[in-house]
Amino acid sequence: MNYRFQNLLGAPYRGGNVVILENTFLISPVGNRISVTDLIKSQTYTLPCEASSNISRIAVSPDGNFVFAVDENARSVFINLRRRVVLHRMTFKSSVSTLKFSPDGSHIAVAIGKLLQIWRSPGFRKEFFPFHLVRTFANCDGTITTLDWAPDSNYLLAGSKDLTVRLFSLKKFSDYKKPFLFLGHRDVTVGAFFGTEKKSGRVDKAYTISRDGAIFSWKLINVDGSDTPEAKTSPPPSPGTPEQGPETESKGDIEFGDSKRRKILEDDESKLDEFLLHRGKWELSRKDFFMQAHAKLTTCDYHRGLDLVVVGFSNGAFGLYQMPDFVCIHLLSISRERITTTAFNQLGNWLTFGCAKLGQLLVWEWRSESYILKQQGHYFDVNCLAYSPDSQLLATGADDNKVKVWTASSGFCFVTFSEHTNAVTALHFMAGNHCLLSASLDGTVRAWDLFRYRNFRTFTTPSSRQFVSLASDPSGEVICAGTLDSFEIFVWSMKTGRLLDVLSGHEGPVHGIVFSPTNAILASSSWDKTIRLWDVFEGKGAVETFPHTHDVLTVVYRPDGKQLACSTLDGQIHFWDPIDGLLMCTIEGRRDIAGGRLMTDRRTAANSSSGKCFTTLCYSADGTYILAGGRSKYICMYDIAEQVLLRRFQISHNKSLDGVLDLLNSKNMTDAGPLELIDDDQSDIEDGIDRQTRGKLGYNLPGSMLNKGRPVVRTKCLRIAPTGRSWAAATTEGVLMYSIDDSFIFDPTDLDMELTPEAVDAALLGDNTQRALLLSLRLNEDSLIKKCILAVKPSDIPAVATSIPFKYLQRSIEAFADLLESCPHLEYLFVQRVFIEVSMLLSREQKLMAGLSSIWILRNHSLPSSGNGV
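Every letter in the sequence shown is one number past the one before it in full-length UniProt numbering, and letter 14, counting from 1, is 14.
Don't take each hint at face value.
[Unchecked claim] Each computed BS3-like pair below joins lysine-lysine, with the alpha-carbon atoms no more than 25 Å apart:
1) 198 with 100
2) 177 with 281
3) 93 with 205
4) 198 with 219
5) 219 with 161
6) 178 with 199
7) 178 with 219
8) 716 with 357
9) 114 with 93
10) 114 with 100
11) 114 with 171
12) 114 with 177
13) 161 with 357
14) 178 with 281
15) 171 with 100
16) 100 with 161
17) 281 with 161
18) 787 with 807
19) 126 with 198
20) 357 with 655
[Said to hold, decoys possible] The following label-pair restraints were derived from C-beta to C-beta distances:
21) 294 with 517: 57 to 65 Å
22) 142 with 221: 27 to 35 Å
23) 326 with 221: 42 to 50 Å
Since the hints were made in silico from the structure, they are not lab data. Note that CB positions come from ideal geometry on N, CA and C, so glycine has one too.
Given these sequences and hints, build the entire structure.
Right under this line is the structure:
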């Protein structure tokens, strides 16, 4: 029952920006979740926390402890990356175009439309409202598109759609009236970056990049002279900068009162020896162009240490240039689609590229010209999946005609088969663990060799058919596939590939076939409201038929072969005895799976009958419970013996998907239909044109009534690992993997029938407290652990402490902290000095981790006063 979300496969990247942390970890948004990839160990995991909708921008603190993510609905989450928990949530007033942490980690710059807001960054301290707005700049005339902090965290460069880049100062100065303007671009600015001297590290240049492929280099001169009277006067404005008026404050500085502003100005004027960028003069040193005809520059990044610029274009090409001489190092094409994000790592030797349309994520080492990471998800929804017999591999098939094989533990795809010419509908692993079968709507069933990564056999029919189900007998001699159009089941020989038999009798599409695990009986389910059992080897045709009152959607065998489960269109799960042909029980699941209203539904979720049925079933490894999913946001787990719902898993809280909300907001309903489904395309990302001819709202004219469509949340396939430790679901967002909660420690070493609570009591009676404590830690029984801790004699503390394995240390500290709070023998427990004895045997790193855990546990437990100063 203690299954928890573990990972998300099938979609390594879906849009937004990516960040490389500590030259090792690649952080990327995947829908409304955040994925972290270890580039050294080739492992990936997805944070269990979710945003309210698809994440558009992320930022990581310089120390790597926090992730700040903002979704499409301007709702943000502040996440502790180490602990993988959400610390704070906040909603902005409008959509956020970009955000970035300051180099010292104390502030976060957030671009909200034309406004640039500076927020104080929350930390580990507990506060009622951790976010504090420090300053707001309202000087931009267009939406801000790019941000960059100076190394000293005092200045920012902000580029916007008004074709300008502005220099903002975080502090208040008497001679700082309006931001300096970098002008000259003829298109929207995509990037703006500070450049530094290699020796001193001071800012001496800046680069601005526009969407038409132009890069301007700016040089900072006349920054010294703070001791001269001229230093206190305003620097000469750049060409096109508005004249500085006599007012005493910028119109964008709207956060401070007069008294507070006056005090800040006095403090800053006393520091005349600081390196102040706004007192220098910026001049345009050179103009360069990337010369990519008929392609727009879509993304860029700059590495300050190596003075390198990488740019990505809408035609899938990217370029790497050495600045300031503008020397092209690499100019390559990685796809035919638009590159949506690029990023350097800290060392500058790795380049990261993301393509949202293809779900592609690449990490490329430009010096050796080799790939560090190359992952691409399915272009369309995943239709089917299958676990290998040893639970190490997971295969997925989708509507993009591809079959991908993933390593379940690392979450990496290591091979992709693309020989199918139509959607892949069914997958099946053979018993040998090195052969994978796939069925497709292109009329073929293919066998794949997972050693040589090739298609070694193809099964076809005399006339083209569309296959939607697939099965193989336990011995692996015959292959069976059900069809969508001819309502037949075809049987082939695995060794020769020859068609052996065609099973006819169904009067509807055969959407489910499965072999019995114990014999050669084949069970098939069809939309003709029947389940049929076939004896494939004897050739007797249908052995028995189980009729139903509604269409049968899928069928599965229990692992021992003594029970058969099927789901019908009326939302029920029927359990049959395949030997006696008797109906054993029925589970009514309409109320359990119900939930979620589509945008186009005329009825509420409670009154709608659509989607209230299970389209996929999966038995547990021991056959005691069953998982069921369908066209709903829920996956249900049932206890078969008691016929009760044990647990409901909600696969997504992403409001960008249709069917997640049970109640819709009536404000979003217009005469033209739901507001979310109306194409009011105001975006200028693709073609560089602001389409404002339809009016302000976008749905005033009939020409704007275009339904963009939204993906509907659903579960297409469920499979549980043969080990029973994890299960996977093919959903709209990708392949969700759930595994047993690892907080329950299970150590199978020295495990036998004698490891029971009675054995712990017997060890205590025999004065063997060391064995009793170890047995209680393996059983993970809280009462037994506390009982054994209290039973340890002071003279036996060194021997007992040295016998505790390190992985059980945290569990013993938790029990000890609980005893400190509730047990009256406080002084006695302190005398035992368990922590001191254990720490003597730990390494330096283990001591630090154990000490921090102890401090945290003890600080979160209120200790009772003992009365004697302890």
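Hints breached by this structure = 3, 6, 19, 23
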